[in-house]
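Visitor: Sequence:
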Amino acid sequence: MISCANPLAQYQSHREEILDAVKRVLESGNYILGPEVLAFENAFAQYCGVGNAVGVNSGTDALILALRALDIGAGDEVITVSHTALATVSAIIATGATPVLVDIDPEYYTIDPAAFEKAVTEKTKAVIPVHLYGQAADLDAIMMVARKYHLKVIEDCSQAAGALLNGRRVGSIGDAGCFSFYPTKNLGGIGDGGMVVSNDASFSERIRRLRQYGWNEKRSTDEPGVNSRLDELQAAILSVKLMHLDDDNARRREIARIYCEALRGSDIVRPKERPDSSHIYHLFVIACNERNAVQEKLAASGIHSGIHYRVPAHLHAGYDRLCRLPEDGLPQTHLLANKILSLPMYPELPPQEAARVAELLNSIRNISKNNEKYK
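Note that my numbering numbers the sequence shown so that position 51 is 691, with each residue one more than the last.
It is worth saying that the hints were derived from the structure and are not from the lab. No residue lacks a Cβ here, since even glycine has one placed at the ideal position from N, Cα and C. Be aware that one or more of the hints could be misleading.
As the list claims (entries may be wrong) - As a list, the in silico DSS-like pairs of lysine-lysine whose alpha-carbon atoms are at most 30 Å apart:
hint : residue 1 : residue 2
1    : K912      : K758
2    : K758      : K979
3    : K912      : K937
4    : K912      : K979
5    : K937      : K979
6    : K788      : K765
7    : K763      : K788
8    : K788      : K758
9    : K912      : K788
As the list claims (entries may be wrong) - Using C-beta positions, here's what the derived DEER-type ranges look like:
hint : residue 1 : residue 2 : range
10   : G969      : S668      : 51 to 59 Å
11   : H944      : A890      : 22 to 30 Å
12   : G669      : A995      : 45 to 53 Å
Work out the full structure, taking the sequences as your base and the hints as a guide.
Guide: Here is the structure:
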């Protein structure tokens, strides 16, 4: 069986370093918001090229707290996409704001800057561009629109730790960058975790207070907060993995190259890389007709694939009534949801296994095309 993702293989590849880090934490007696968290925050801020990084409990909490720290809540609108992990939209709803969902670019599958600008109203306070599948959104265009209308830009970097755009790390370009360290992410813990990065020191200090009840260093409060702390164990593990992130991302890119070369000339739509960017392939997502049948045939041969995302956010029960959509709907989002398929992708995937996946996929598509020809 070839898995779509394999966090166990990631642990095994860095096993001794991780176990040493865990032992260090266990023997320290300090388990919450101690020196490991501070060290990881500093290292991650330096890696991203920003002045501040604040560890929190999850990527979802990172988005919620960033919105709250920007005073976004009930009566406000936040623009993002429906083609994303549900967490992006869930975070907006959690603040009391209204998610305004716009369509995606048909080539790169990230937020369409023209659709973003068209959706701006007097209630719009921010935009959350999602760096999808490991590729940066079109931030040059997004930042121009946001500055034109005095909107905040919160980068959802949950799938793109280490990705570059014009030589800059994602998360360092907008007003804030939010990361998830869920185990399957490019930089994944062994449990939940998240981070908010920014060059605004006062904003980051507010995040620090909000993640722990609103406390300042004297444990007094000016506003209520929550319990959203990154623990010492996860911080220590993530510090180990951060040292290997660029190498792991390079291996992901090599697997993507194998896939792209093997699928060249087929009717399968391969991922397209944005110019002046570095795609780090959190997911390798193709698009094809008869997607469900293709997925079933791969599974029958022991290859597990995924769909990211089968159901757009606005079609989930409970979310549908809380989101606002353009009058003309989201045609590209709906079209893509019926065609996309995520192939196995993780740094430890052997190249020969990636080649086998592509070979089988080509075989399935050729059989399908021949059957169609002789109908």
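Visitor: Against each hint, give a clear statement of whether it holds in the structure.
Guide: Here's how the hints hold up against the structure:
1. K912 / K758: 25 Å, holds
2. K758 / K979: Measuring from Cα to Cα gives roughly 27 Å; hence the hint holds.
3. K912 / K937: 25 Å, holds
4. K912 / K979: 15 Å, holds
5. K937 / K979: Between K937 and K979 the Cα gap is close to 15 Å, so the pair holds against 30 Å.
6. K788 / K765: 12 Å, holds
7. K763 / K788: 15 Å, holds
8. K788 / K758: 13 Å, holds
9. K912 / K788: Holds: K912 and K788 sit about 29 Å apart, inside 30 Å.
10. G969 / S668: 51 to 59 Å: 54 Å, holds
11. H944 / A890: 22 to 30 Å: Because 24 Å falls inside the window, the suggested range holds.
12. G669 / A995: 45 to 53 Å: Holds - the Cβ-Cβ distance for G669 and A995, about 49 Å, lies within 45 to 53 Å.
This entry satisfies every hint, going by the numbered hints stated previously.
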